[in-house]
Structures are given as C-alpha cells and as structure tokens.
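Based on the sequences and whatever the hints tell you, model everything.
Chain by chain, the residues:
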Amino acid sequence: MTLARVKSIALIGLRGEIVDIEVDISDGLPGYSLLGLPDAALLESRERVRSALQNSGATWPNKRVTVSLSPAWLHKSGSGFDLPIAIALLMAQGTITSRNLEQHIFLGELALDGSIRPIRGVLPALLAAVDRGITTAVVPLANAAEAMGLAGVKSIAVSHLNQVISFIEEGVIPEVNLEEIKRVSESPLDLSEVVGQKRARLALEISAIGGHHLLLIGPPGTGKTMLAERIPTIMPPLTREEAVEVAAIHSIAGALGERNLESRTPPFVSPHHTTTATAMVGGGAHFIKPGACSMAHGGVLFIDEAPECKPGVLDSLRQPLESGSVVISRATGSTTFPADFLLVIAANPCPCGRFNGKGRACTCTSLQIRRYLQRLSGPLLDRIDIRTFVEVPKRTELASTEGGESSSDVRSRVIAARGAAAERFTRDLWSTNSQIPASQLRSRFRATKEGMAFLHTELDHERLSARGYHKVMRLAWTIADRNGVTTPGLDEVESAYHLRQGVEIS
Amino acid sequence: MTKRTSQIGADGETLVASYLQEQGAVIIATNWRIKEGEIDLVARLDGRLLFVEVKSRTSAKFGHPLEAIGPEKAHRLQRLALAWIAVHDQWGADYRIDCAAVHFRDGLQPEVEYRAGVL
Chain A
12 MTLARVKSIA LIGLRGEIVD IEVDISDGLP GYSLLGLPDA ALLESRERVR
62 SALQNSGATW PNKRVTVSLS PAWLHKSGSG FDLPIAIALL MAQGTITSRN
112 LEQHIFLGEL ALDGSIRPIR GVLPALLAAV DRGITTAVVP LANAAEAMGL
162 AGVKSIAVSH LNQVISFIEE GVIPEVNLEE IKRVSESPLD LSEVVGQKRA
212 RLALEISAIG GHHLLLIGPP GTGKTMLAER IPTIMPPLTR EEAVEVAAIH
262 SIAGALGERN LESRTPPFVS PHHTTTATAM VGGGAHFIKP GACSMAHGGV
312 LFIDEAPECK PGVLDSLRQP LESGSVVISR ATGSTTFPAD FLLVIAANPC
362 PCGRFNGKGR ACTCTSLQIR RYLQRLSGPL LDRIDIRTFV EVPKRTELAS
412 TEGGESSSDV RSRVIAARGA AAERFTRDLW STNSQIPASQ LRSRFRATKE
462 GMAFLHTELD HERLSARGYH KVMRLAWTIA DRNGVTTPGL DEVESAYHLR
512 QGVEIS
Chain B
27 MTKRTSQIGA DGETLVASYL QEQGAVIIAT NWRIKEGEID LVARLDGRLL
77 FVEVKSRTSA KFGHPLEAIG PEKAHRLQRL ALAWIAVHDQ WGADYRIDCA
127 AVHFRDGLQP EVEYRAGVL
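Protein chains in written order, with the numbering used here: chain A, 12 to 517; chain B, 27 to 145.
Please keep in mind that the hints were generated in silico from the structure rather than gathered at the bench. No false leads were mixed into what you were given.
No more than 25 Å apart at the CA atoms, straight line, and that leaves these computed lysine to any residue pairs for SDA-like:
(1) 99/B with 42/A
(2) 87/B with 72/A
(3) 87/B with 61/A
(4) 99/B with 43/A
(5) 99/B with 77/A
(6) 87/B with 43/A
Only a predicted model underlies this, so the values are computations on that prediction, with no experimental measurement involved.
This is how it looks when you write it as structure tokens:
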C-alpha cells in the first residue's frame, strides 16, 4: 500500500471542516510536495515530520512523497496537521497496518524527537468533529483539558508519536491524570475587598443584572480597576453551553490559560489603551484570530483610561455592541466570532486626574476638562447606560475593618433579579432589560404614573433627551427587578435617572 | 575527487549497466561528456532511449544517494539528454530519464535501486 488517508480538522474562525490528508509514496526522485493551500507553518511540516519519524524509530521514505489536504480550496494553516501527516505516511509505508481510521481525527504538532506539542483550537475542532460523527480524536496531552469531558467524542491524549502508533495498532490508551487536568482555579477576587463605594457598588450590581454597559469616572487610585475586575464575580455563572463557547474562543486564540470547560466564571478582558482596532475586534492574514471583544464574550470587556485610546479603537466596538458578534473579512475568507460582552469603561475626570471633590489639586484648564471626556464618541456613549463617579474613599471607610458585602451575596441577588426579568420576557426575543426595544418600552413596559410624570417633567425641562428617556426606563426596570418591585415606581425611576445622568458629558 | 571515490562511482556505473543488460537493454554509451556535464549511461530498451544518472554511496551518513539530485541537477539531466539527442540526430525518439542508486555496504553485496522515469 503506498496510498493512505487519515482525517483531521481545519478551522475557519470557530467553524471546523474535516480535512482528508492523503499521502502517496511513488517511485521517483526523493521529494515532498504538499498540496492544498498550506501556509508557512504547514509547509515546514515536512522537516518536522521527517525528523520526528526518524527519531522515533520509523523510516522516512526516500521516494516521491505527495501529501494532499482536501478540500483543496480551503486555506489551511498551522502545525496541527503534523501528526495526521505522519500517521498517513506510516500507513502508506505499511508501518501502520490498521485501516479502520475512518471515524478518527488526529491533531497535533510534532517536535523533532517525535513528542507531540499542543496546538491552538483543539476544542472548536472537537466540537466540529462531534457534528460530523467522528468517534475518536487523538489530541496532544497538553490540550487534554479542552478535550476531556466533551460528550460525543472519545479523546485520546498523547505525548509521543510512538503512543499514537501503539494506540492504533494495539489499542493501548495512554493514561492521563484527569484530576490534574480538570483542576479549576477559582477567581481569588471578591467584592468584599472593596471599601465603601456605595454608589459604584450599586452601579456594578445594576449593570450585572440588566446587562447595562458602564462608565466609571474617578481620579487615579480610587479603585476603578478594582471594581471592574470584580464584575465577573457577581455575574451569574456561565451555563454549560456558554462555558464551552467561551473556552472555544480562548482555545483558538491560544489563550486558554487557566480556563477550561469547567470554568464558569465569566471572562474578564482588559486591553491596554494603546491597543489597535485589529487587536480589539480580531484579525490576522491567514489564520484569523479573535480580538479582545470576542475574548470577553460572555463576560466583561474593561477599557481603562478610555479617553487615551486612539481614535477609532473604541468606535470599532460599535458593531459588536449592536449585534453581539464581529465579522472579520480577509482575503482568505470571512469569519464570524461571537462578541456579546458587558462593556466597562473607566476614565479619569480630566487629563491630570485630580478634578474631583472641590477640584483644588487639579491643574487642568476648564477647557481641557470639558474636552477630555468628549474624546469618547457620542455613538459609543449612547450605548453606555450607566455613568457613575467613583469617589475617593473617606477616612472613616478606610479605617473600618468591616469588609463590604461579599461577591456571592451580591451574585445571588443578581441571579434572582435576572430570573424575574427572564420571566417577564419568556415570549420575547431578548432576555435582559438593556435589550428592550424602545417601542416596547413605550407600550408594554411603562413605569407607574408617578414615575412617568417625573420623566415627563425632565423631558419638558430639556434635561433629558429622547434617547436618555429610554435608557432611564430600561435602568428603572432593572432596579425594579433588583428591589423585587413588579413595575418601576417613582423611586426606581429617580435612581435610574441619577445613574444615567449623574455625570454630565456634553 | 580521490581515486577511491571515482572508483566507487565507476563500479556503481558498471553494476547498473549490467543490471540494465539483464533487463534486455543495450548500452549505447557510458560517460558521455560535453562541456555542460556528463551522462553516466545511455541505453536503448524496447526502442526507447534511457538516460541514466548513477549515484553511488558507501554509507547512509549523508542521506539517501538520490537526495543528491536536486531540482538544478534534475534540470541539467534534462538538458544533457536533449543535447545527446541533438548530437546524435535522434529527434523524435522516445526517451526517458532514470536514476539509479548503488549502495555499497561492507561485507554485503552491492545493491542497485533503480527508479525509472524520474523527471
């Protein structure tokens, strides 16, 4: 037999395609041709596969070797095809005699000594494999955390080419210490570490309940970052499906880190303010990688020092904020990544950062102060429902040994309030208050008479725009859910008004 | 080239020539040399011209003998074959370029590995 075929998976964004790897060994001058639109990393597979085979006791055929990856039109990239190419070569040479690999896929990069290295995107590849009826997947041991516990496909974690051969020939399954792999490190952060900040804490809670995007304004050192980092700890834990989706995105980016399928804490992503629009939304020439906003899918995207961002970077978030996903188009094709996140933006009140309280220490001119927050574009601010000041903690608060309310207490309130909202929206397309369409707000979701009267007065005095009016209404519903009220009344509407209008940005 | 390596090369070519004769081929020329290079063997088998490049090795230390034939060398073989055809006015003749590897191993019979129609 000089012809062999094995299967693997190529990824286009989060979508996986089965790739047939065919190897033909024919007479002729020794040579190697790789067909099927390979990228640079894949072209180099020849040298890796050759050394790996020789160093694990197999032979390299000194004949004309043709490797074809089909479908031929699909751009293939990365080193994950090393292992299937090596297996197909061994089959074509007759070293591996088993022919029953139709339901198997192979993923892995080869080191020169034949050991198997981790690759990106094992989880999404396996999800695709399950859809295509693949029963067994051979994956690198270092990626085992992504593969284990996924229903529908049996994963064989391997660390050396010889283990793969003995698995195929003799059915020997290498032992894996599952306990070691499945360990999930829980976030060490807790809201109880935050001192004082009554107003900001409420803003955080409301934001987590209704999915309202948040703007935190405050001088340096008051705890804007500290607060934002703790939002995931008060959000409802991810469901199984969400956790798989989040882990799949992180897997593609090669940034799974401590996360795995069991990680239920929503992700927290905080790109630096010098980041580019490409890094924010995702991109790449051959292999399209998800950006920060997709990494934050299901969790929090936190941008510190937002007014310092380059123009266009923040505005690139407008599409994902609108649709909950990003479409990235490149020469090799276009890819959609989910990007449904809670946006949290932090800013100093002015360039010097000391314009708070009486503003005595501030060295900025009034013009500078006014212009600073205007760097955040109108359309972006329009999507941010809550604007709140983060104040300098008072002397008495700092001296207090009593911690604030803990994350788990706040989270149970968030879960209860979300449940109340979900009950109201059972027959609707949306599930959180921030997503209620404006027309529905005016018809089905009105506040009580007193509440509406307050809003109408503010409208009459031109202190509230039509847009602001709807935002306040949505916030009022979230506050009502939190307080266990069935319809927002005057109290809820007033609190909502202050959360929305508390910071004046002209 | 030392005496020893040239002798190994010549021995290899002799072995390949007798291998071809066993297959029923007639050797037309050996070591046909022009300015551009050399054809190790020219033979005729069933009315077809064979141009044969022979590579001999005494060890596998430097890789497979045929790996020494890279794209440039392959191209030169092609040109030399056409040159031979031109010089001998054999235009239109059916021809084929072959390669042979000869492995000399201590204490073992030399082994001929013949690859037909490599280009």
